[in-house]
Amino acid sequence: MGSIISFANAIFNPLIALGAAPVMLIVLTIIALCFRVKFPRALEGGIRLAIALTGISAIIGLLVTAFSTALTAFVQSTGIQLSITDVGWAPLATITWGSPYTLFFLLIMVVINVAMIFLKRTNTLDVDIFNVWHSAFIGLLCMFFGANLFIATLLVLMIGVMKIINSDLMKPTFNDLMRNSNNPMTTTHMNFMMNPAIMVFDKIFDLIFPWLDKFDFDAAKLNQKIGFWGSKFAIGIYLGVFIGIMAHQSPKDIFTLAFTAGTALELFSQIGNWFIKSVEPLSQGISNVATKYLKGRQFNIGLDWPFIAGRAEIWAAANVLAPIMLGEALILPGNHLLPLGGIIAMGVTPALLVVTRGKIIRMIIIGALELPVFLWAGTLAAPFVTHTAKVVGAFPAGVPKGQLISQTTMEGPIEKFLAYLVGHATSQAGMYVVYALLAIAAYILLFIWYAFQMKKRNKAYAEAATK
Amino acid sequence: MIKILTACGAGVNSSHQIADALESEMRNRGYEVQCEAVMIKDVTEDMVSQYDILAPIVTPDLGFDVKIPIIECGPILYRIPAMAQPVYDEMEKAIKSLNK
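Protein sequences appear in the order of chains A and B. Here the first sequence stands for residues 1 to 467, where the numbers follow full-length UniProt numbering. Here the second sequence stands for residues 1 to 100, where the numbers follow full-length UniProt numbering.
Any given hint could turn out to be false.
[What the hints assert, rightly or not] Derived lysine-lysine pairs resembling BS3-like cross-links, with alpha carbons at most 30 Å apart:
#1 B/Lys-100 / B/Lys-67
#2 B/Lys-96 / B/Lys-67
#3 A/Lys-459 / A/Lys-295
#4 B/Lys-100 / B/Lys-3
#5 A/Lys-221 / B/Lys-67
#6 A/Lys-456 / A/Lys-214
#7 A/Lys-225 / B/Lys-100
#8 B/Lys-3 / A/Lys-221
#9 A/Lys-225 / B/Lys-3
#10 B/Lys-3 / B/Lys-96
#11 B/Lys-93 / B/Lys-67
#12 A/Lys-38 / A/Lys-221
These are computed hints drawn from the structure, not numbers from a lab.
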């Protein structure tokens, strides 16, 4: 046994010493080869991932270095404790994909999906391999808070199974929203795990405030008016100016902050694209293998959520919620995130659209009510994100110790609290076990109630179709 | 040169899959195309007017009339070549009808 371990150490230690980017290059290439991706394509994916990791590190460095002094001054001059930089989704995705555990969580999610199809527990084949990082993030966060790999895997599997069931539940609503019932598109995206909570608010609306719906406005017209003022670089500029002024910086520094934020927000999504491309060969390989084994079965296909991005309500709600979130962030006790990269709440509004089916006033009000949960979850995850960024070498040296990064509107806020409780329950036992079990029970019960409501909704769709 | 515009949520994932697939398949079929992917929220009437074809996942509600041909490209994302084929055929038809 001892010789096996020392043999493994002799091979792996020099590899790990190479750093995250080379390790992930090798690991991703090998996993793609296992799914019979041709060697040049597999290697291309591996290299792209290494480049994306390196690129995102550079931009995080640019942003955090520029903002660290201003944010410290901001806290001093305003007394508002918002010292965590909101870097948006791309750095978090990249950091998560920088961990080999993400590939492990990916494999177990593929296995459970195929098993569910075989057992006729779902009708969805998920080909959105890239977004498995949301599940992996929960698993890694759970381990960061003290869980072992086994417990973290159980949590990821539980949420993963519910996500797949949810994709079946939402399918008729997607058809309705796309005004097209002849397509297999659905999604297992994490952001729709907020649906049960949103549905509670939606039912309250039905009971007490249905009259508010008559104030619904034309979302597309609003978006058209906002035009470029709502684009990434413009938002970076506003927030740079806002922080600069609040932190009493000189005009020259304010301009630097504004342009740096604009640059970083544009580049984050550019690099986000690089590393989506890095997973592309693996995604195709997994899809090929899965469809081969499932020959002859008709199933829905799980994609990334933007097949409903053509619905203007998603963007109108995100536009209106952006300043609301900034206001909430400034006064919310326990929040330390200053909205920047995640201020366009793409991780929030698609679920609002699905539950309310486009009632824009409800989307905005429920969105405003649930945003604090996102801010707290982002604050909760900040030490983990920063730690992991440092591990994969994506965090600049020389930044003051208290400086953290995270995201304001990251999908799956409730799941982060579950990860926190489950992690602590594993490492500290005691009352945390009770809290974790109660939280999971509540999470599952709420989902069952939601599933029941969605089945009622789907029955109504089916009846309407036969009329 | 045929200029195609595609769009999705963040303008980095689905839309780029569509852009890459369209560029390589149309090149194989002998057409010179350039396909750009953007965030759907940033699509304006002015932007659309600079392209020949709009290639969204599903026809979006942009708040203005799109005057160029729209080809829905969702099936490209299914990762099953047989399902993407009709989209490419539609796209080829649209390109031919432009007479460029």
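Hint check:
1. B/Lys-100 / B/Lys-67: 17 Å, holds
2. B/Lys-96 / B/Lys-67: Holds, because 17 Å separates the two Cα atoms, which is no more than 30 Å.
3. A/Lys-459 / A/Lys-295: 29 Å, holds
4. B/Lys-100 / B/Lys-3: 11 Å, holds
5. A/Lys-221 / B/Lys-67: 17 Å, holds
6. A/Lys-456 / A/Lys-214: Answer holds: A/Lys-456 to A/Lys-214 is near 24 Å, not above 30 Å.
7. A/Lys-225 / B/Lys-100: 33 Å, violated
8. B/Lys-3 / A/Lys-221: With Cα atoms ~26 Å apart, B/Lys-3 and A/Lys-221 stay inside 30 Å; holds.
9. A/Lys-225 / B/Lys-3: Cα-Cα ~26 Å, so holds.
10. B/Lys-3 / B/Lys-96: 13 Å, holds
11. B/Lys-93 / B/Lys-67: Given that 30 Å is the threshold and the Cα spacing comes to 17 Å, the pair holds.
12. A/Lys-38 / A/Lys-221: 48 Å, violated
Violated hints for the displayed structure, listed by number in ascending order: 7 and 12.
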